[in-house]
Amino acid sequence: MLCEQYGVRYNECVHRTRYSCPAEGERAPIRGLLIACSGDRSAQDVFDIYKRPFVPPGDCYDLPNSVHYLVYKDGAIDELVPHNCYVYATCNRSDSEPFLTILLEGKPPFSVYQLRAAARLACCLARQFDLLSRDPVEILPLFDYDNNKDCLQRLPPEFWVYFNACVNREDEVSTPPELACCNELRERLNDLTPRLAALESRVAALEARPDLTPRVEYLENALVVLGSQLAQLNNQYESLRDLVYSIGARVTRIEECFNKLPQCKEQECCGRAEYVLRDCQQYVPLVSNIVDFPRRIEDTDNIVTTGPLWCANLGDGFNNVKNYRIQGCITISQRRWCIGKKVIVYLEDCVGNQLTVANWVSPSNGPQSPITLCWDTTIVVSAATVCCARIRVWTDDVTEPFFQICSGDIRINRV
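Straight run, no breaks: the sequence shown in my numbering ends on number 781.
What the hints contain is simulated information worked out from the structure, not anything from laboratory work. Every value quoted in this text rests on a predicted model; they were computed, and no experiment measured them. A hint or two may mislead.
[As the list claims (entries may be wrong)] With a Cα cut of at most 30 Å, we get these calculated DSSO-like pairs of lysine-lysine:
#, residue 1, residue 2
1, Lys439, Lys473
2, Lys439, Lys626
3, Lys707, Lys473
4, Lys688, Lys626
5, Lys707, Lys439
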């Protein structure tokens with residue numbers, strides 16, 4: 367199958383009875399690619415066309431036009447008719463002038479996934495059939511699908527950006543340009559090292575000569591300046607190296623996300639939040655206190671509201687069940703405890719239940735070392751639900767001063 371490297375797949379749902387495949391050499395060369403969109407028709411409407419009887423070549427009919435390739439809204443591509451077979455799309459186009467037909471599901475505006483997939487498919491087919499030597503506008507004419515004249519009057523500019531990038535092979539991930547800069551800094555450092563050694567030799571020679579103190583001081587100052595420059599260059603090298611590592615990590619994440627397309631949406635690559643507590647917070651006994659983790663480390667979906675009513679908003683409100691893994695720890699500062707008194711950490715879930723996730727019981731009277739309580743649990747959020755989850759802490763020890771939580775963290779991951 368052509369263009370499998372760009373995600374083209376064989377659709378098993380189509381009744382393949384509305385096209386014919388001539389013998390090798392009996393079909394004229396491909397002249398170009400027809401581009402259209404389905405407008406208000408869905409993908410299922412397009413499939414239903416292939417359940418109707420086959421119309422022989424040369425006969426005209428009023429049914430909607432057939433297509434070779436269907437590009438979905440999420441960027442998936444189905445081959446409906448093989449590239450080497452006829453599609454009698456219109457009555458005014460000769461069988462001796464065959465075109466390959468690409469249909470975009472829906473109507474403008476199109477998503478970046480759909481435009482990118484369609485452009486790369488068109489680039490691949492144009493390259494396969496040696497059409498790139500001609501004007502792209504000539505090989506990519508528009509046509510009306512099902513007389514839907516207002517559906518696609520011109521191809522969006524983003525389509526041409528992706529198409530030209532594919533033609534020029536610029537859509538492949540390349541080595542970040544900062545690497546060349548790092549190599550240049552490394553060469554400069556290697557060049558300065560022997561020069562510094564030469565200056566040290568000159569200083570030693572000058573020190574052996576009488577009355578050369580001013581010149582020695584001058585060279586010492588020069589060495590200080592060179593050392594400062596060397597330190598600056600080293601700092602620049604370290605910064606650029608960290609930048610290169612950061613870019614490499616981001617490229618890896620982008621590659622992982624694109625490898626999952628079109629099965630996932632962009633937000634499916636997200637779903638992480640991490641917050642920490644660094645300043646001591648005092649709580650009262652015999653009350654289920656909400657723990658505030660005020661400092662944000664990461665929150666890809668902006669689900670957390672900090673403050674006295676700290677809350678993680680879980681779920682997406684759509685018909686999808688979501689699972690969340692919630693991990694974390696809190697540390698209660700050193701204080702006096704009464705024997706047998708306990709501390710309980712609750713996870714308040716989406717329906718208001720307070721689930722015990724950690725607890726501690728004082729083994730003796732008197733001072734106790736700081737107490738660290740940790741948890742690792744998973745909760746399920748029902749479909750069509752958005753709810754609030756939080757951590758609460760409770761104790762029955764009323765000894766003053768009341769207990770304080772001076773450090774902690776919470777991590778939420780959608781699994």
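Indices of hints not satisfied (ascending): The structure breaks hints 3, 5; every other hint is satisfied.
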